[in-house]
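Enquirer: Residue strings, one per chain:
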Amino acid sequence: MESTIVRAENYNAYFGDNHVVKDVNISINKNEVIAVMGPSGCGKTTFLRGINRMHELIPGATAKGKILLDGQNVYDMNAIYVRAKIGMVFQRPNPFPNLSIYENVIAGYLLNGIKVSKADKDVIVEKSLTSAALWKEVKDSLHKKGTFLSGGQQQRLCIARAIAMQPELILFDEPTSALDPISTSSVEALFHELKANYTLIIVTHNMQQAARVSDRTAFFYMGELVEFDDTKQMFTNPTDQRTQNYITGRFS
Amino acid sequence: MEAKIGTRNIKSIFFKGIIVFFAFLITVPLIIVLLYIIKQGASQINWRFLSHVPAPVGETGGGIINALVGSFIMVMLAAVVAIPVGMAAGIYLSENPRTRLAYYTGLCVDILQGVPSIVVGIVVYFWLVKPLGTFSALSGSAALAIMMLPIVIRSTEQTLKLLPDSLKEAALSLGVPYHRVILKVIVPCGFAGILSGITLSIARVIGETAPLLFTAFGNPYLSGSITKPMESLPHLIFTYATSPYDDWHNLAWGASFILLVFVLTLNIITKVMTRKWKVQL
Chain L
0 MESTIVRAEN
10 YNAYFGDNHV
20 VKDVNISINK
30 NEVIAVMGPS
40 GCGKTTFLRG
50 INRMHELIPG
60 ATAKGKILLD
70 GQNVYDMNAI
80 YVRAKIGMVF
90 QRPNPFPNLS
100 IYENVIAGYL
110 LNGIKVSKAD
120 KDVIVEKSLT
130 SAALWKEVKD
140 SLHKKGTFLS
150 GGQQQRLCIA
160 RAIAMQPELI
170 LFDEPTSALD
180 PISTSSVEAL
190 FHELKANYTL
200 IIVTHNMQQA
210 ARVSDRTAFF
220 YMGELVEFDD
230 TKQMFTNPTD
240 QRTQNYITGR
250 FS
Chain A
0 MEAKIGTRNI
10 KSIFFKGIIV
20 FFAFLITVPL
30 IIVLLYIIKQ
40 GASQINWRFL
50 SHVPAPVGET
60 GGGIINALVG
70 SFIMVMLAAV
80 VAIPVGMAAG
90 IYLSENPRTR
100 LAYYTGLCVD
110 ILQGVPSIVV
120 GIVVYFWLVK
130 PLGTFSALSG
140 SAALAIMMLP
150 IVIRSTEQTL
160 KLLPDSLKEA
170 ALSLGVPYHR
180 VILKVIVPCG
190 FAGILSGITL
200 SIARVIGETA
210 PLLFTAFGNP
220 YLSGSITKPM
230 ESLPHLIFTY
240 ATSPYDDWHN
250 LAWGASFILL
260 VFVLTLNIIT
270 KVMTRKWKVQ
280 L
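Protein chains in written order, with numbering that gives the first Met the number 0: chain L, 0 to 251; chain A, 0 to 280.
Since the hints were derived computationally from the structure, they do not count as laboratory data. Quick caveat, the model's predicted, so the values are computed rather than measured. Every residue gets a Cβ at the ideal spot worked out from N, C-alpha and C, and that includes glycine. A hint or two may mislead.
[Said to hold, decoys possible] Among the chain L residues that face chain A by a calculated CB cut under 7 Å, a handful are:
1) ILE79
2) ARG82
3) ALA83
4) MET87
5) ARG91
6) ASN93
7) PRO96
8) ASN97
9) GLY107
10) LEU110
11) ASN111
12) THR146
Work out the full structure, taking the sequences as your base and the hints as a guide.
Expert: Structure follows, in structure tokens:
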């Protein structure tokens with residue numbers, strides 16, 4: 000039985016007068032890995048940032064329509080609550096430079112002033128780092144600053160930080176575009192494992208990556224959701240001419 | 000071509016020579032001033048100098064405890080007011096650079112920075128000294144606080160502006176409310192820079208004489224009351240150096256030396272702290 004976790008209904012996003020995301024309707028199921036791809040400037044990142052209401056933080060940015068998270072419109076909820084419930088990993092690894100690796104993982108609790116006992120913290124840190132496939136590499140240097148890690152390790156630390164808040168849904172905004180190929184493959188491998196417990200939405204401009212990691216793929220073009228289908232289907236037999244053109248590399 | 004490269008090399012050696020020479024030249028007056036103050040002042044320093052009030056005319060000995068205590072109280076009082084206000088304004092300017100308020104605030108800060116210190120003194124004289132009917136340490140602190148503000152504001156703003164947006168987004172995406180993002184992430188990450196601005200502003204105002212001339216005025220006795228006139232190091236130097244007595248001149252040299260050591264120490268502390276607390280981005 001598949002159940003919907005996120006559904007966008009006539010979702011529109013703007014930067015001032017610039018209409019960036021146009022009438023998007025999409026329904027995403029639990030424990031799915033969704034790739035969102037499309038050329039630069041197609042609105043894929045803006046759509047992603049609309050889901051956890053990060054979009055509106057940019058001056059002049061507005062949004063219309065609904066995004067339902069477990070049936071509740073996120074625009075009717077408190078933005079801070081929405082962001083705490085949805086994890087997000089950014090293009091560039093952004094661990095907190097003033098915090099240690101340990102503190103970075105529980106940053107969601109630390110910075111929100113949520114009291115957690117030392118024993119519980121230890122459990123959260125170990126579990127999150129294990130899920131992010133980083134525990135073995137950092138378990139002896141938990142109290143070093145997170146910024147001493149390599150780029151790929153930092154990105155996995157950011158994933159651990161998102162996991163630690165026990166979100167149902169994690170958004171990835173081109174999570175590997177700043178990483179080298181080896182780090183990229185380690186992060187990609189992680190997606191497969193995370194799928195068991197979380198729903199992942201991954202924005203990528205890398206088609207191969209979309210093909211490798213996702214169950215279903217959404218193709219955005221000029222702010223519209225052109226096609227949303229099983230990844231295999233989309234890459235072998237796209238229904239829309241624009242998708243076909245993009246996949247075959249006629250534009251990028 | 001070969002010959003040309005030869006002349007080019009000579010030109011660049013010549014040019015390099017000139018900049019090295021001037022870089023060296025500007026250190027000379029500084030070193031001479033420092034050596035002279037040390038020569039004149041260091042011999043004055045003893046326990047009596049640091050623990051007694053100045054001696055009256057005709058008596059030898061005496062110290063500058065009243066000025067040490069006065070400077071300390073007034074600068075601390077000024078810092079307590081100027082640092083939170085300055086940091087808040089600096090945070091606002093770095094967070095909302097494009098608003099109209101930020102534009103005018105920035106303009107005011109620039110103008111305030113350029114206001115001669117004597118003018119700040121006279122303004123405080125009319126605002127505080129006249130209505131209260133007396134010179135006081137409080138009005139002296141107010142003048143110093145006004146002098147500190149632009150430095151604290153600009154250093155906070157500049158430091159925080161250098162922090163990447165991704166840092167703020169990381170915290171916001173965890174559902175951290177805005178005030179906590181600022182207090183727990185942004186300010187701690189820029190702490191070294193803010194701190195160096197604070198110590199610099201203290202080093203700056205501790206040597207200010209003009210704003211204190213007609214606010215704190217000066218006091219030959221040891222006073223801890225902020226509603227009464229109070230002595231300060233630069234003011235003591237000013238009054239005693241312009242007096243006709245040799246003993247008083249020596250006192251002024253000693254006080255200059257102390258002031259110099261103070262400013263130097265503050266600068267060194269700033270350097271060390273900045274290095275220690277610098278957050279590697």
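Enquirer: With reference to the structure, classify each hint as holding or not holding.
Expert: We went through each hint and held it up to the structure:
1. ILE79: holds (5 Å)
2. ARG82: holds (4 Å)
3. ALA83: holds (3 Å)
4. MET87: Hint holds; MET87/L Cβ to chain A Cβ min 4 Å, cut 7 Å.
5. ARG91: holds (6 Å)
6. ASN93: Holds, because the Cβ-Cβ distance from ASN93/L to chain A comes to roughly 4 Å (cut-off 7 Å).
7. PRO96: holds (5 Å)
8. ASN97: Result: holds, 5 Å to nearest chain A Cβ.
9. GLY107: holds (4 Å)
10. LEU110: holds (4 Å)
11. ASN111: Check passed: Cβ of ASN111/L comes within 6 Å of chain A, closer than 7 Å.
12. THR146: holds (5 Å)
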